[in-house]
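Colleague: Residues per chain, in single letters:
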Amino acid sequence: MKRKDILDLDDFTPEEISEVLETADAMKEILSRPIKKVPALRGKTVVNLFYEASTRTRISFELAAKNLSADVVNVATSASSVVKGESLVDTIKTLQALGADIIVIRHPQSGAPYLVAQHLEGSVINAGDGWHAHPTQALLDLYTIRENLGTIAGLSIVIVGDILHSRVARSNIWGMTKMGAELTLCGPETLLPVLDRTGSTNAFPEVRVEHNLDKAIEGADVIMALRLQKERQRGGLLPSLREYIQLYQLTKERVARAKPGALVMHPGPMNEGIEIAPEVAHGSQSVIEEQVTNGVAVRMALLHLLSGDGGDKA
Amino acid sequence: MEDILVRGGHIIDVGQNIDFIGDLLIREGKVAEVGAGGLAGAAEKAERGELRWIDASGCIVCPGFIDLHVHLREPGDEDKETIATGTRAAAAGGFTTVACMPNTNPPIDNRSTVEYVLQVAKAQGVVKVLPIAAITKKRGGEELTEVGELVASGVVAFSDDGKSVASSRIMRYALAYSSMFGVPISSHCQDEELTKGGVMNEGIIATRLGLKGMPAAAEEDIVARDIALAQLTDGCLHIAHVSTAGAVDLIRRAKAAGLAVTAEVTPHHLTLTEDWVAGVRRGPHVKAPYDTNTKVNPPLRTAEDVAALIDGLKDGTIDAVATDHAPHTIVDKLCEYDLAEFGISGLETALGCLLTLFHERIIDLRLIVEKLTFGPAQAFNLSCGTLKPGSSADVVIFDPNEEWVVDPSTFQSKGHNTPLAGLTLRGRAKATLVEGRVVFQAKEELAYAHTPSV
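Chains as they are written, first to last, in this note's numbering: chain A, 1 to 314; chain B, 1 to 454.
Since the hints were derived computationally from the structure, they do not count as laboratory data.
Every residue, glycine too, gets a C-beta built ideally from N, C-alpha and C.
One or more hints might be untrue.
[As the list claims (entries may be wrong)] Mimicking SDA-like on lysine to any residue, the simulated pairs with C-alpha atoms at most 20 Å apart in a straight line are:
#1 B:Lys-196 / A:Thr-190
#2 A:Lys-93 / B:Ile-330
#3 B:Lys-287 / A:Leu-98
#4 A:Lys-84 / B:Leu-339
#5 B:Lys-287 / A:Gln-118
#6 A:Lys-93 / B:Asp-332
#7 B:Lys-212 / A:Glu-189
#8 B:Lys-212 / A:Glu-231
[Unchecked claim] Calculated from the model, a selection of chain B residues having no Cβ within reach of chain A, i.e. all distances over 12 Å:
#9 Asp-19
#10 Lys-122
#11 Ser-167
#12 Ile-170
#13 Ile-205
#14 Arg-208
#15 Ala-228
#16 Glu-274
#17 Val-277
#18 Val-280
#19 Leu-334
#20 Glu-360
#21 Leu-367
#22 Val-405
Build the full structure now, drawing on both the sequences and the hints.
Modeller: Laid out in structure tokens, this is it:
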């Protein structure tokens, strides 16, 4: 893979995505061994720089790096110079001076990883920035779909919920459409971003929008629910949580309208009882826990590919 | 004071309908004579070395540019800009008169602050500075400033620039009260409720980048409101930094209805689009997305908006080009996009930026000169912007073809924040004169100034 950084999937080719997924197959095999450790990143330092609270993504990256024998440093910004007002660029320069080879960054502001990439000689992996992108989540979602259904091309995928504020949705829209899936976004109009529904520009992929979840889900191969932040109602975007649950909760009855064996996905953390019914979240069609496990394999693949062993750096 | 002859330039003065190759004689700081084909007596004196002269062949000679909208940052934010550096930047850009916005710290909302600005401008400024006072005290949107006293102390307009006057009632009173003094209210039209947290144009690019957008409707609803209030009050309304097609249309209709409404547009809104935020630029030049130098308020809009703004300039809907020169420190811009300050340091690139429209055959040179001179003078009832004999010799000489690469480190302004860095522009001021004094001369062109030998 010829790239220095992983910032979003918008500039990935389908071949690059396939390369990541195939490398993740090999990594998943490592995860099945009794001793889950290989020396691929020995001597490299990976810094997890998280400006937002996170459990699964941070630990997933930490385990991935450790499985590849990297030295891992976790920076919680609440206990760093950031609270003293240090700028992002200065923090990055400090981490570089301290020998960071790869920085995994999560940041509440969209685009922050691009700023980091401009000031870091090493590699940057975007672990989620603002509303913009969460490429490693999208790749693990693609991996999970491919693992279960054998392909992504030609599948009918529905993403339901708060698309407007979702970096997971944005990266998945790029990744899924690049891999040939047909995508439907479903949610209330107030939680949808501006979309070019005519496909007349190349700025963003063409997607179908359906406000009625029952219709959207009809015949779907994959249904992905997104977390609804309760404060969206206070911001005036929704009349009430009650109405949201009525219109958009992923229930057993609704899932039954999809294709038999359709996958139920969620990037987590879940609000069970709001965007997803508990029996669906933990039902037979749910691959939510697999997503978490696959996250480690996919992140191992990305670290491996970026570290130089897996490809040339441009 | 030394007399100067500007020789052999293409003289354009829209107010006098002058458009010819000729000479311009400046005597005692005023325009003495303008003539096609040369001024015989003066030319001979120049040849004999008895008169200082400037060779303007190949250049445009026109009234010094007037900028109705700059931020000089003094008092309060002198780390961003001072009246001294801001006016030097203006001179380097060909501007001889700048109207400075009141969002300083403290704001220009009382006579003593106006007097302070005028005193500093007199002592340290190299071009004419015309203060604009706040519409409301502390720009708080609640109480009108003392309009009469402020006009008497020298302000040329009123504005709470940086934000709209949210209260329609206060805006009504502002337009009504100021109409007694014949000064315009320059309105920053932006619905705060619709733009809260927004950092770029609302649309597909904002969706792609995951940035909060500001919809065009947020500008247009306030433009519509203010036009309605201008009609109600017979007030004199100036719409600052128009950026949307819908706003142009509203202003066009207001003018057709005979209302006292004028408008300005910035060079960046005429030449850049929201694509620049995503890193896609003119020509093959592509940069990383999220360049904070593209963060400006109102935001860069769509190609359709840009086309409408150009149409508005052509058909007279938009009266003036104003830079909205907004200098910031590197700390203000070297950060996450959401956290960066809004604004572009625009005085020194305005001409080159606008001339891209000329070189691309979109608008003609005369129109550019009009919107930088005669147009703004008319909009704010200023006596400058003309080369009429007897008027102050505020003159710019610019080469419309000179290619130069934008290098912010060479700016006179303290603000190096421009998205144009590294781009090649065509057209640049060679010399700027205020009241007959050369206040800017491009270094490599020193040979242009021929001083008397005796």
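Colleague: With reference to the structure, classify each hint as holding or not holding.
Modeller: Do the hints match the structure? See the list:
1. Among the hinted pairs, Lys-196 of chain B with Thr-190 of chain A is consistent with the structure: their alpha-carbon atoms are about 16 Å apart, no more than 20 Å.
2. Between Lys-93 of chain A and Ile-330 of chain B the alpha-carbon distance is near 16 Å, which keeps this suggested pair within the 20 Å criterion.
3. A threshold of 20 Å between alpha carbons decides the hint, and for Lys-287 of chain B with Leu-98 of chain A the separation of about 28 Å lies outside it, so the pair is violated.
4. Using a Cα cut-off of 20 Å, the hinted pair Lys-84 of chain A and Leu-339 of chain B holds, with the two alpha carbons roughly 16 Å apart.
5. A threshold of 20 Å between alpha carbons decides the hint, and for Lys-287 of chain B with Gln-118 of chain A the separation of about 11 Å falls inside it, so the pair holds.
6. The hinted pair formed by Lys-93 of chain A and Asp-332 of chain B meets the criterion: a straight-line CA distance of about 18 Å does not exceed 20 Å.
7. Between Lys-212 of chain B and Glu-189 of chain A the CA atoms are separated by roughly 16 Å; this keeps the pair inside 20 Å, and the hint holds.
8. For the proposed pair Lys-212 of chain B and Glu-231 of chain A, the alpha carbon gap of about 17 Å is at most 20 Å, so the pair holds.
9. Every C-beta of chain A lies more than 12 Å from that of Asp-19 of chain B, the closest at about 41 Å, which supports listing it as non-interface.
10. Lys-122 of chain B, annotated as away from the interface, keeps every beta carbon of chain A farther than 12 Å; the closest lies near 38 Å.
11. Every CB of chain A is more than 12 Å from the CB of Ser-167 of chain B (nearest about 21 Å), matching its label as outside the interface.
12. Once the 12 Å rule is applied to beta carbons, Ile-170 of chain B is consistent with being away from chain A; the minimum gap is 25 Å.
13. The claim that Ile-205 of chain B lies off the interface is violated: its Cβ sits roughly 6 Å from the closest Cβ of chain A, which falls inside the 12 Å cut-off.
14. The beta carbon of Arg-208 of chain B is not kept farther than 12 Å from every beta carbon of chain A, the shortest such distance being approximately 5 Å.
15. With a least CB separation of 26 Å from chain A, Ala-228 of chain B remains clear of the 12 Å interface cut-off, as annotated.
16. Not every Cβ of chain A is farther than 12 Å from the Cβ of Glu-274 of chain B; the closest lies at roughly 9 Å, contradicting the non-interface assignment.
17. In this structure Val-277 of chain B is not separated from chain A by more than 12 Å, as the shortest Cβ-Cβ distance comes to only about 9 Å.
18. A cut-off of 12 Å between C-beta atoms contradicts the statement that Val-280 of chain B is not in contact with chain A; the least separation is 9 Å.
19. With 12 Å as the threshold on Cβ separation, the claim that Leu-334 of chain B sits away from chain A is violated: the shortest Cβ distance comes to roughly 6 Å.
20. No Cβ of chain A approaches the Cβ of Glu-360 of chain B within 12 Å, the least distance being about 22 Å, so the stated non-interface status holds.
21. Taking the minimum C-beta to C-beta distance to chain A, about 30 Å, the non-interface status of Leu-367 of chain B holds against the 12 Å cut.
22. Val-405 of chain B, annotated as away from the interface, keeps every beta carbon of chain A farther than 12 Å; the closest lies near 21 Å.
The earlier numbered hints that this structure contradicts are 3, 13, 14, 16, 17, 18, 19.
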